[in-house]
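Residues per chain, in single letters:
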Amino acid sequence: MAGPAPLLELRDYSLSIDSFDGRLQVLDGVSFSIAPGEVVGIVGETGCGKSITVKSVIGLVPSPPAKVESGTVSFDGRDITAAGESAIRRLRGREVAMIFQDPMTYLNPLFTVGQQLSDVIRAKEALDPAAAPRTRAERRAKALALLGQVHLPDPERQFESYPHQLSGGMRQRVLIAMALAGSPRLLIADEPTTALDVTIQAQILDLVKELVETLGMAVIIISHDLGVVAALCRRILVMYAGTIVEDAGTADLFENPRHPYTRGLLAAIPRLDGSVTSLSGIPGSIPNFIEPPQGCRFHPRCAQAGARCGRERPRNLEVAPDHWTACHLFDGGVE
Amino acid sequence: MSAGSEATTPAPRRGLADWRQRHASTLRSLRLYAHTFSRSVSSMLGLGLVLLFFLLVLIGPWIVPFPEDARGAVNLDIKLQAPDATHWFGTDEVGNDIFTRVVLGTRVSFQIGLIVVAIALVIGVPLGIVAGLAGGWLRETIMRVTDVFLSVPGLVLALAVVAVLGPGILNAILALALVWWPGYVRLIESKTLALKSEPFVDAARAVGAGTARIVFLHILPNCVSPIVVKASMDMGLAILAAASLGFIGLGAQPPHPEWGAMISIGRHYLPDFWWYSTFPGLAIYLTVLGFNLLGDGLRDILDPKTRSR
Amino acid sequence: MSAPGEAREPGEPLLELRGLTRHFRLKEGLTGQRTAIALDGIDLKLRRGAAYGLVGESGSGKTTVARLILRLLQPTSGQILFAGQDITGLKGEALMKLRERIQIVFQDPHASLNPRKTILFSVAEPLVVHRRLKGPALRHRVEELLEIVGLPGGFLFRYPHELSGGQKQRACIARAVALNPELLVLDEPTSALDVSVQAQVLEFLHDLKARLDLTYLFISHDLSVVRYLCDRVAVMYMGKVVEEGTVDAVFESPSHPYTESLLSAVPLPQARQPAGRIVLSGDVPSATAIPPGCPFHPRCPRKIGPVCETAVPRLEPRLRDRAVACHLYGSET
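Chains as they are written, first to last, in this note's numbering: chain A, 1 to 335; chain B, 1 to 309; chain C, 1 to 333.
Derived from the structure by calculation, the hints contain no laboratory data. Check the hints yourself; a few may be wrong.
Chain B is faced by these chain C residues, among others (derived, beta-carbon under 8 Å) [as the list claims (entries may be wrong)]: (1) 21; (2) 23; (3) 24; (4) 26; (5) 81; (6) 106; (7) 111; (8) 112; (9) 116; (10) 126; (11) 132; (12) 157; (13) 175; (14) 293.
Estimated spans, in silico, between C-beta atoms of each pair [said to hold, decoys possible]: (15) 144/C - 194/B: 32 to 38 Å; (16) 292/C - 65/A: 52 to 58 Å; (17) 34/B - 312/A: 38 to 44 Å; (18) 312/A - 28/B: 31 to 37 Å; (19) 306/A - 273/C: 36 to 42 Å; (20) 28/C - 138/A: 48 to 54 Å; (21) 35/A - 34/B: 29 to 35 Å; (22) 138/A - 110/C: 46 to 52 Å; (23) 84/A - 197/B: 43 to 49 Å; (24) 209/A - 39/B: 45 to 51 Å.
Cut-off 30 Å, straight-line C-alpha distance, at most; resulting in silico cross-link-like pairs (DSS-like, lysine-lysine) [stated by the list, open to error]: (25) 27/C - 196/B; (26) 196/B - 303/C; (27) 79/B - 97/C; (28) 79/B - 91/C; (29) 303/C - 209/A; (30) 27/C - 79/B.
Positions of the beta carbon are idealized from the N, C-alpha and C atoms, including for glycine.
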């Protein structure tokens, strides 16, 4: 994979979480990299590990019970796998920002939008020793500028509003403004539009697209909705049961999906234009993570699986330019 | 849990295998409860204390060395003796064995606690369910009366009631029960309000289930956990309140072996005869601590939000 | 998608809503009250054997429709006719009889099953309440129902938290069809499920409809799902039906500007997004402050003038296969 030095790179990252029933092998050998300014989508169904991957990278998964089994994570060339709590917190505060599905959970109902945004701005300043501390008025001006940047209607008035007075779409805009306060180099958006209505979702998607173009930050969009990632991302990673099964450019992925899971997923989506008259779900359900299937984790549900799939873990292989997949079908067959 | 393996499970049979299959889920939950509970030191301490006192309730009369001392025997020749091998906790001002009286006092206290909580449940739970389901003026009436009771400190109200009825163990129980039920109305009313808008209750209404069915099969079973937690905590608090009434002379009357009354008399002999008040005091302290820790532990395992899958 | 029900007289609708309206009183402050208009005089007709879609965003009133039809709520005004009979005021025995004929599946399969009861209890509940069966026959029938929904053996004594989302929704469907209803109201039945599971449930619902001779009222915010499963659709906005017609007509050439922008707003899972997407500005107004005139006019990209702000457009037939409530088509007949 040539090109610029990656901003975020995971190599063979494996994570386990202890539970009452045993140790869950939630991530198994996850490798991917994101270039500066790149917009990447991670898609997959519930329990595939798409959220936990990025959350554990930026230290939002408590350990224990979680434990990194193997692999390295580097940000901007620095290995942060073994970085301490404070180093991770600095990274999270300055270089990486995250927005979530339910904005209300991340806004304090007792403070106005302006107070919370100003607090975030002050916290970001504290993390950056080079910056001169701002006055109250300067912070207010900066906060209003941020609210303008996310196109919150009537920012002066909303500055004084409490979160419950805002609609869901407006709250998500406020959360995005907070995320932008530190001028992050990587924005992680975890299901940013799942809780919103479709016409509001379209507004937020437009906003994210515009911000990516003007600010040039890298973005990871985590979503279960292939439509959302298709609308925003140039590259898509497909996850299944804690592994990345396919990694390809957006157009390539939809036109030429390789991995049987990706193909199954695409065949399961009803289409707005009515072009699909018969849906095929993927038989079975997600595997047990305590004793995950040997070999390829998808093989028990895969129609094309052979003896080799239950024995041998598939390698991640470049099957076309910048199109990677982990399946024996493209690596000498399944028998 | 894969769909494939379920398809091959044989049809249920009669007998042990059937029983085990029926209760597999329950058994697993119980194992999970036990596991979570046993990992918490404080919960186990609470359970240990409560079990210990329950044991004393059950076998107390057969293990105490001087059972007649709880019935008003007088042995002035051995009065106010310090703890020794015969009288583990020493003796009181009429020569009664304090160990005997503390152990038998467990019965009195638990009796009061259980009856008070039971009466509070019997009054509070139905009122709470009615208030939660009914709405309108009925709910307003029930909740406002509850508020009135809750706004007066329980012990003060109980004092007033006992003052009217006259001191005595039965009146103390009555008084405490009378001030204890409003807490349950509050708890059950809010729980009922939340449950009645749950889709599973709507689904039951949509198939035509009547109010009785909804109350007894859908709402009450889902109220059991908070009731158990609150009842466990309240046992401790009711015992403490009964002891307080005993202490100021409005509860159980001497020579009845009641902890609060014992402390009350014992305090006249402080600090020289320290053991007289200390041991009943410790008994109250440990009982209340035990029930509180147990309640906390139960809340941890019964609260579905903290339960792992 | 043809259902066996078509053989019966096509003239009489199975379900008909006439001017159905529902207001909610909201308390404000100590004494104040505001009225939220959840549903504002809607008319709908469901042919027997139809798969009728009801789409709209949150606050459009689509779930209120479901609760009214199920008689879980009383309408403020208007009528609900089922098989020609006015069911709006039914009580007692007659209401019980009705409940055998109309059933519902809710959105959240986890919350739709009593967490303290086994699957056997939940699926058997309609049969027990209506005193259809008891003892071994009851258990046998429940096993049969679970078989129909694809949950063979071993699930009877499980508790909801042990089942996956898809399995729970199948159990809910088993409960809903236990009394052999004629009309099944499906309130967002797949929106809590993953796509691969949703596909299984949708396929299954499609087959079940033919197999049990059912009529569906399918409520959803997901337009693609409605396109897949339904043959007619009504689009709702702020308690009103703004467009109604065959699924193909409405989805391929939407007439109402709201329908048009709704369809255009859906991001598509494909290589390239179509050009010229309409992104509506602003939020859905509050149900306590519905704009006068056409409720959509503050956000409408094709507003024609003051008439939109003052006159409420009526749902009028247009072309051959639809009805639209919009002043754009005011002069047409």
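Verification of the supplied hints:
1. 21: Since the shortest Cβ distance to chain B is 21 Å, the answer is violated.
2. 23: Nearest chain B Cβ about 17 Å off; hint violated.
3. 24: violated (13 Å)
4. 26: violated (15 Å)
5. 81: violated (19 Å)
6. 106: At about 4 Å, which falls below the 8 Å cut-off, the nearest Cβ of chain B leaves the hint on residue 106/C intact, so it holds.
7. 111: holds (5 Å)
8. 112: Holds, about 4 Å.
9. 116: holds (4 Å)
10. 126: Where the cut-off is 8 Å and the nearest Cβ of chain B is about 4 Å from residue 126/C, the hint holds.
11. 132: Hint violated; residue 132/C Cβ to chain B Cβ min 11 Å, cut 8 Å.
12. 157: The hint holds - residue 157/C has a Cβ within 8 Å of chain B, the shortest such distance being about 4 Å.
13. 175: holds (7 Å)
14. 293: violated (34 Å)
15. 144/C - 194/B: 32 to 38 Å: For residue 144/C and residue 194/B the Cβ distance comes to about 35 Å; the hint holds.
16. 292/C - 65/A: 52 to 58 Å: holds (57 Å)
17. 34/B - 312/A: 38 to 44 Å: holds (41 Å)
18. 312/A - 28/B: 31 to 37 Å: Roughly 34 Å apart at Cβ, these two residues keep to the hinted range, so it holds.
19. 306/A - 273/C: 36 to 42 Å: Between residue 306/A and residue 273/C, where Cβ atoms are some 37 Å apart, the hint holds.
20. 28/C - 138/A: 48 to 54 Å: Cβ of residue 28/C to Cβ of residue 138/A: about 39 Å, so the range 48 to 54 Å is violated.
21. 35/A - 34/B: 29 to 35 Å: violated (51 Å)
22. 138/A - 110/C: 46 to 52 Å: holds (48 Å)
23. 84/A - 197/B: 43 to 49 Å: At 47 Å between Cβs, range holds.
24. 209/A - 39/B: 45 to 51 Å: holds (48 Å)
25. 27/C - 196/B: Holds - the C-alpha atoms of residue 196/B and residue 27/C are around 20 Å apart, at most 30 Å.
26. 196/B - 303/C: Measuring from Cα to Cα gives roughly 43 Å; hence the hint is violated.
27. 79/B - 97/C: violated (80 Å)
28. 79/B - 91/C: Distance of about 77 Å is beyond 30 Å: violated.
29. 303/C - 209/A: Roughly 28 Å between the alpha carbons, so the hint for residue 303/C and residue 209/A holds.
30. 27/C - 79/B: violated (69 Å)
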